[in-house]
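Number of protein chains: 2
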Amino acid sequence: MSKALIVQKFGGSSVANVERIQNVAKRVAGYHKRGYEQVVVVSALGDTTDELIELAHKINREPSEREMDMLLSTGEQISVALLAMALQKLGCPAISFTGLQVGILTDTSHTRARIIRINTDKIKEELKKGRVVIVAGFQGVTMNQDITTLGRGGSDLTAVALAKELKAVECEIYTDVEGIFTTDPRIEPKAKKLAQITYDEMLEMASLGAQVMQARSIEVAKKFDVPIHVRSSMSEIEGTMIIKEVKRMEDVLVNGVTLNKNEAKITICEVPDKPGVAARIFSTLSLAGVSVDMIVQNVSHTRKTDISFTVNKAEISKTLRMVKKVSAQIGTGEVLSDEDIARVSIVGVGMKSHPGVAAAMFGILAEHKINIEMISTSDISISCIIQKKFAETAVRALHEKFGLGK
Amino acid sequence: MSKALIVQKFGGSSVANVERIQNVAKRVAGYHKRGYEQVVVVSALGDTTDELIELAHKINREPSEREMDMLLSTGEQISVALLAMALQKLGCPAISFTGLQVGILTDTSHTRARIIRINTDKIKEELKKGRVVIVAGFQGVTMNQDITTLGRGGSDLTAVALAKELKAVECEIYTDVEGIFTTDPRIEPKAKKLAQITYDEMLEMASLGAQVMQARSIEVAKKFDVPIHVRSSMSEIEGTMIIKEVKRMEDVLVNGVTLNKNEAKITICEVPDKPGVAARIFSTLSLAGVSVDMIVQNVSHTRKTDISFTVNKAEISKTLRMVKKVSAQIGTGEVLSDEDIARVSIVGVGMKSHPGVAAAMFGILAEHKINIEMISTSDISISCIIQKKFAETAVRALHEKFGLGK
Chain G
1 MSKALIVQKF GGSSVANVER IQNVAKRVAG YHKRGYEQVV VVSALGDTTD
51 ELIELAHKIN REPSEREMDM LLSTGEQISV ALLAMALQKL GCPAISFTGL
101 QVGILTDTSH TRARIIRINT DKIKEELKKG RVVIVAGFQG VTMNQDITTL
151 GRGGSDLTAV ALAKELKAVE CEIYTDVEGI FTTDPRIEPK AKKLAQITYD
201 EMLEMASLGA QVMQARSIEV AKKFDVPIHV RSSMSEIEGT MIIKEVKRME
251 DVLVNGVTLN KNEAKITICE VPDKPGVAAR IFSTLSLAGV SVDMIVQNVS
301 HTRKTDISFT VNKAEISKTL RMVKKVSAQI GTGEVLSDED IARVSIVGVG
351 MKSHPGVAAA MFGILAEHKI NIEMISTSDI SISCIIQKKF AETAVRALHE
401 KFGLGK
Chain L
1 MSKALIVQKF GGSSVANVER IQNVAKRVAG YHKRGYEQVV VVSALGDTTD
51 ELIELAHKIN REPSEREMDM LLSTGEQISV ALLAMALQKL GCPAISFTGL
101 QVGILTDTSH TRARIIRINT DKIKEELKKG RVVIVAGFQG VTMNQDITTL
151 GRGGSDLTAV ALAKELKAVE CEIYTDVEGI FTTDPRIEPK AKKLAQITYD
201 EMLEMASLGA QVMQARSIEV AKKFDVPIHV RSSMSEIEGT MIIKEVKRME
251 DVLVNGVTLN KNEAKITICE VPDKPGVAAR IFSTLSLAGV SVDMIVQNVS
301 HTRKTDISFT VNKAEISKTL RMVKKVSAQI GTGEVLSDED IARVSIVGVG
351 MKSHPGVAAA MFGILAEHKI NIEMISTSDI SISCIIQKKF AETAVRALHE
401 KFGLGK
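Line by line, the protein sequences give chains G and L. Residue numbers for the first sequence follow our numbering, beginning at 1 and rising by one. Residue numbers for the second sequence follow our numbering, beginning at 1 and rising by one.
The set of hints was computed from the structure by calculation and includes no laboratory data.
The list treats identical chains as one, so a pair stands whether inside a single copy or across any two.
Below, computed lysine-lysine pairings styled on BS3-like, alpha-carbon distance capped at 30 Å:
#1 Lys58 x Lys26
#2 Lys222 x Lys124
#3 Lys318 x Lys89
#4 Lys223 x Lys164
#5 Lys58 x Lys33
#6 Lys89 x Lys58
#7 Lys129 x Lys3
#8 Lys58 x Lys129
#9 Lys401 x Lys244
#10 Lys190 x Lys406
Note that the structure is predicted; figures quoted are calculated from it, not measured.
Bound conformation, chain G alone (with noise of 0.2 Å):
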């Protein structure tokens, strides 16, 4: 009779000083106590990594990304020994591997690296002896066996790789909330935890600004059907589980509301209605490695039309002034920006097949004037860009219009 084998991912702020690295502690305990067999991957304690970049700022301002992997993963090998440590404390069989050792394969992309393989033989051999196996998380190794780091949030990717290699019955993901919700509980005090939502779902929450956890994990969730269980490292409460299909009773059409408000909206104005155009525009913000979210043209009735689009508010300058230049070498109108707004936006699998969704929701916003100055739309969400000090009014009323909060 085999054990269940689950993926544990504790983030920085669960394992941010002693006191919490033993509650970390007590919980996997109590886990291989009632028989799993367990990896366990570990983020940075606390601020580690953010201290860590600034020490390096100091010395140079453009450190070697090469240099700054081998300096960043000390963090989180810190956090699995002392996690080990803990363990042994309260009788725990544990060991402690860095992403190097443990065989976490990347790519030669330093600080985004990607993962290509994992060689499981050595986690599988210490837990045959019964041991709890501990990960450094957000860290590999290249075939040059140089340290790569895999990006923010990368010990949600490593945990989730792992659960997938050795074929986990579930991966879970401790954070400071209790799972998913229905929309921020601090705008709207009514949301409601969701007990499952799917991968797709997810995916839109999350990059639509729920951050809980990052979405090239929840991608290869999704890729793998890797059951995810998303829960707090504070209570004992179930949290949320990411899974492949929801079945629920009802067809839910709405499962969720999000906001975001690090964006701010860019328009380039009359810009020559022509084949080319906007990819000399975007191509020139790729290069310069500016991410762009939401594009918005419109049919043009002239010659001419505006583009729209948003920019993460740190990017602004930087993207106004290749913006400017571009524009010029084109010959457009103005180009105009706004940092003033906020992008709310209704997720959910069931308005695949509903049109009167979209409806609805201007209707919503149209009934509390507040004014819609963008529109981008996929298979399960609806956007909207609107003045940013409409923001919570507009997450409470669509929240409580789709009925989230019963």
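With chain G held as given, fit chain L onto it using these hints.
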């Protein structure tokens, strides 16, 4: 025409903060400009190692040694990455490696591992590319890819071992003193820096309390004839060369005076004078991990004798407990202890062939009315245990009388 290869080791105080790391980088880059091939070994920043040990002890008073090594090795990994960044900032090509990456293979004695062999392929490859190769000191890896550490002062050993394997022309040990002095300049301002000293003399100096370099690394340097240059990271002044044989104009009898106030003396009175008794006492201590230093037992004229020995003060209570137990079993007299002692030693290869040196030393101490409680000699050193209050007087008198200030 091949370039001269040197190994340069910087201790924790040399890289204690951003400014010092930048200073080290400047020095290293200067050598690179002058055409050297360089392997740089770095310790953990300032007190990092002690801080990590403290953190571990908050979680587990007796952490597993494997996990301790996992934890502590992050200290040097941070240093090497930061130094690489600092060098790159100066336009000096550099690359950092952990002990594992560079292939410093050790046995499995965690926290005090011994180097088995070093694979220098990777280093040579990087040197060929014109890069400064930065290696994390103090750490290695077992055959099984577990991280090990080499014990306190282990970075010296890393440097010496690399210098040996790479056939370096010199191994520079940067520290916060300007070299090896005839005695501690804080006690005797007339102390003079030695231009050269032999491995044997340095070994005596190191084990007798001159805390410049780890004794084990000097043994290795001696074994493989690695020229060591001990010098200050704060100045450009030449330090002290540690070599096989020192060519001196005249045969200097005494080269240095050392002082050690960290020992305590234990005397077991009226020990039955028969075979196996001393063995029983000291094997008990050895099994308990107590490191005994000087041992003195005099010829006995009765059937009883006194045995005196010294141990580190930190181990005095443990030692007394064990000794009293054994004494009771053997049936000896009283067990006495004294912590208010000091060991004063003179060191010099010249004294080998000059029996008069010991007499001269005793004479000088007698002149100052300093009673000698124990005497121990080696080929190239003579040590006396005296009362602690006379320690500085003794050092200054010996330094003066043996003409070391000239």
